[in-house]
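What follows is the residue order along each chain.
There are 2 protein chains.
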Amino acid sequence: MVQYNIALIGFGGVNRALAQLVAERNELWQSELGFRLNIVAVTDLNLGSVVSRNGIDARMLVETNFEKGGFARLSGGSAEADNEKVIRQAPADIVVEATFTNPRDGEPAVSHCRWALENHKHVVTTNKGPVALAAADLKAVARRNHVHFEYEGAVMSGTPVIRLAKNVLAGAGLSGFEGILNGTSNFVLGRMEAGLGFSAAVKEAQGFGYAEADPTADVEGYDVRLKVVILANELLGAALKPTDVSCEGISALTTMDIETAAKEGYRWKLIGSAARLENGSVEASVAPRRLPLDHPLAGVSGAINAVSFTTEMLGSVTITGPGAGRVETAYALLSDIIAIHRSASAGSITEAAE
Amino acid sequence: MVQYNIALIGFGGVNRALAQLVAERNELWQSELGFRLNIVAVTDLNLGSVVSRNGIDARMLVETNFEKGGFARLSGGSAEADNEKVIRQAPADIVVEATFTNPRDGEPAVSHCRWALENHKHVVTTNKGPVALAAADLKAVARRNHVHFEYEGAVMSGTPVIRLAKNVLAGAGLSGFEGILNGTSNFVLGRMEAGLGFSAAVKEAQGFGYAEADPTADVEGYDVRLKVVILANELLGAALKPTDVSCEGISALTTMDIETAAKEGYRWKLIGSAARLENGSVEASVAPRRLPLDHPLAGVSGAINAVSFTTEMLGSVTITGPGAGRVETAYALLSDIIAIHRSASAGSITEAAE
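Residue numbers (this note's numbering), protein chains in the order written: chain A, 1 to 354; chain B, 1 to 354.
Isolated chain A, as found in the complex (with noise of 0.2 Å):
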């Protein structure tokens, strides 16, 4: 029986959704995906640790209400959380990262990932600074320790937008993308096309839980900005930092220009985007543009997301799906792990757990 342990560091949403899924699932996986899950251990800034060779009991994890510090109520728990620790020595093979994203640096899950990479476990993450931030770095740590660095949920949570990309379009000559990258925006353009304002929009998407408090990294487009710098320098070799990318975001948009648009056959979107020019550079953008009715990308309503490829072989290719959600998301770090598993079974990485 294939066996991965597993070290949750972060509970919130989306590590608790893998939780469940573990819960839930664990038999259904070990006949169709081959292998299950354990955890083995789990972190939080809020309730602390707990670390059991043996495994955690995921029903037991997801269903119990704790307070804050509550992990020390755990055999093996603490009511602090030393992250350091646990990732060096809890005997995990796989490092589930879904902490906070510090759109600066990157920290401190950009330590978090290099902690479990030095010490041979393979990392998944959905976390979108270490990836857009420090990638590079990270992905050459992996190497030299024979270990896998997946980050599928950074973009687009569930929706296989880099694996489709850079695996299955492999030879169709990538040349450059554009994608609707953020729901929030996405929705607040939707709600001004039926009439609303867009202190109006953002309140209203607010009330549903689309928007945060503070809406700007949405609405300005900086959350669409970490997006396009992961696609292009995952997809296009690029090595772009966040302000190499030129940034506006949806706030200065009126009703007046969505309606003009309207009249006239066309759609304001939020659009990130990144292509390779003639010289072999890449260059990137997040702004919001006019597309005609009938652009792949205009269609794309509400909280979903979309990626149109731009193809040498085929074209445009696009792939439209969930942008956020817990499950979702979760969903992403299980096929990162269906990634590790596959590539262990074949046999390039021998240091998996069996």
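In short, the hints are calculated from the structure, not lab data.
Here are the computed distance ranges between Cβ atoms for each label pair:
#1 200/B <-> 209/A: 49 to 57 Å
#2 137/B <-> 175/A: 39 to 47 Å
#3 72/A <-> 280/B: 44 to 52 Å
#4 280/B <-> 1/A: 19 to 27 Å
#5 278/B <-> 24/A: 14 to 22 Å
Yeah, the Cβ is synthetic: ideal placement off N, Cα and C, and Gly gets one too.
Starting from the known structure of chain A, arrange chain B on it as the hints suggest.
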């Protein structure tokens, strides 16, 4: 240096486009993909056959204007095409089947595939016939002989619909799909929206080369039905025959139907779909459907195709891209060869050429 010897069965548009790619890109493939291709045999009902252990110059093949039986002019050539002999005896690692689709029994393509697999040669094909009508059989022959049977191009040309669903969406809980899988009928519906009657729209499609002289297979849904059978069997584990799939085309739709739908915020599309039912069986159909404009397939226009997958983890995930085209379909063959190469590199297929 990894080089795969390939035999081209059929030398129409698709295999000719593949030969052109070989002529232009072998150096690029060598560095980017890790292998090059060497054409060691070509057979064509009209042109004859040619076999050369050392390889046939790809550029010469595509640039020469061969008359009927013209392969006889080449060293190792013959005016006759003895497909069985060539497939069984040519020193090929991979047989590339791209003859015509026979929707009744898939012959002679089924035999072409079988002869190749029995002789320990991988098969890549864009031919719907053998995949829709004999996939289970041919896969069993492939397994027994430790070779691959790959057919990404049988549905949506090079748009990687099969590999996306089967590999990249593993574990997502796929339970069904619906797709726009025939560019000709989709083009005809678009022109009817612009005011043309059915017959005038079909004539226009014929003028552009989108529709055959006899458009029946496209507009009556038979082409879509074969694709639905392929996807349902491959992705949902069904064992459907074409006659198991109810099939209605678009020829009964009137301009009035189209106009009424438009007024009410709908659009008619020819949809091929399948879903796994509660009892585990799979139900599939082809029929025109009135889609609301915010349906993910409503905006798919002209010769573009798309498939929406229904998944438990991600809800709906849609891939949109070309559904036909010579280069686009030749790319499907390349993507199949890449899959064979990766599998060989990972050591799971030990018979592959080095």
